[in-house]
Amino acid sequence: MASAELRLIRRRIRSVQSTKKITSAMELIAASRIVKAQARVEAAQPYTDKLVEVIGNVGAASGAASHPLLETRDNRTAGVLVVTSDRGLAGGYNSNVIRMAERKLIALKGERIDLRLYCVGKKSISYFRYRGYQIERAFLGVTDTPGYGDARAIANTILNDYAQETIDSVGAYTTRYVSALTQTAVEWPLLPIEPPVAEETDGTPGAAYTYEPSPEAILNRLLPRYLEASVFGMLLEASASEHAARRRAMKAATEAAEDLTKILSRQANQARQAEITTEISEIVGGAEALTVG
Amino acid sequence: MAATFQVDVVSPEAVVWTGEAELVTARTTEGDIGIMAGHEPTMAALATGSAEIHTGAEKVTVAVHGGFLQIYRNQVTLLSDRAEIVEGGADEARTQAQALREAEEAAQDGDEGQPQSE
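Keeping their order, the protein sequence lines are chains Z and A. The first sequence runs 1 to 293 under the working numbering. The second sequence runs 1001 to 1118 under the working numbering.
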């Protein structure tokens, strides 16, 4: 019959080991997801590159093209888009972004600029709601594997508000996937659109373009696409970062579980040994008492 | 053999098709356009319809909904939110493009009810 102490330690070992099974499974899942997410980031790159090239060319061709989406307005109401995940267990992934965004929100309040908050992912929604911020629009279920349709929905929402002048600028707070080891929370200005700089043309002015229908009409269609593509790229990077952060967190958790199991099993061995020693000395003591008696 | 030029069909999620072609036809908002090597630089908005790429050896049909067509330095780029390679002829491609358009409209209608809370 094991002593109470031994039983307790063994129970803890079992619990730590079953937790370890879960964390190591999550680590493996996240690792496989990173590969996929990374491939999606890369697959989206050609489109964005081409779009940037086209906008650069059109911009160069139509001279100083002016478009509502390109003009900086007096910043009275700032739109803030926060991109986090729906699920936790990803280390500092969500809190880094949220902390950065909240610092900005406080700074904006200090400058007496109105705010409109757009949240992607359950984590930012519950954080800001709990703290009493009003959330204009929340998007759920996009961060795991973002589709282009999700990006379009988000881009359309902020475009509409921007067009109606309810907001004068939009900045996003999200995580950039720098490498498998580094993901950094960044501020990513979305609106007004910073026109991408045209790639150095070899002296041939883009003015030679024939436009169908007109440069303005093309620009009108191009810029929203560009915003969508930016948002899409942002979501993809955030998703890759989320999986990378989760993998790292789960790896750390698995290792911690291993260490803990080692320590606990030493304690268990010690307790068992102590128990045996007590038993033996009890028997010896008992026998001794008999012989003496 | 006719002169060829580089063609890329790119959608946000992938490069749909890339290679050399002799002739490309596509439907823009202003009407159908046919492109051969040495075409002048052009920027056009694409409509819903089919684009055909003739490489000499084969013909690739792509269903396209929206996007842009750029011809620049003998390079043709089709940028489209929705582009898919379609087996079969132009008719199938047009049907498919129409389906893409409907899918988009359905998605947009879906957005209307979206202001989600938890």
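Source of the hints: derived by calculation from the structure; they are not laboratory data. Small disclaimer: the values here were computed from a predicted structure and weren't measured. One or more of the hints may lead you astray.
Here are the simulated EDC-like cross-link-like pairs (lysine to aspartate or glutamate), alpha carbons at most 20 Å apart as the crow flies [to be verified]:
id, chain 1, residue 1, chain 2, residue 2
1, Z, Lys50, Z, Glu212
2, Z, Lys50, A, Glu1040
3, Z, Lys50, A, Glu1020
4, Z, Lys50, A, Glu1013
5, Z, Lys122, Z, Asp150
Taking the earlier hints as the rules, which of them does this structure contradict? none
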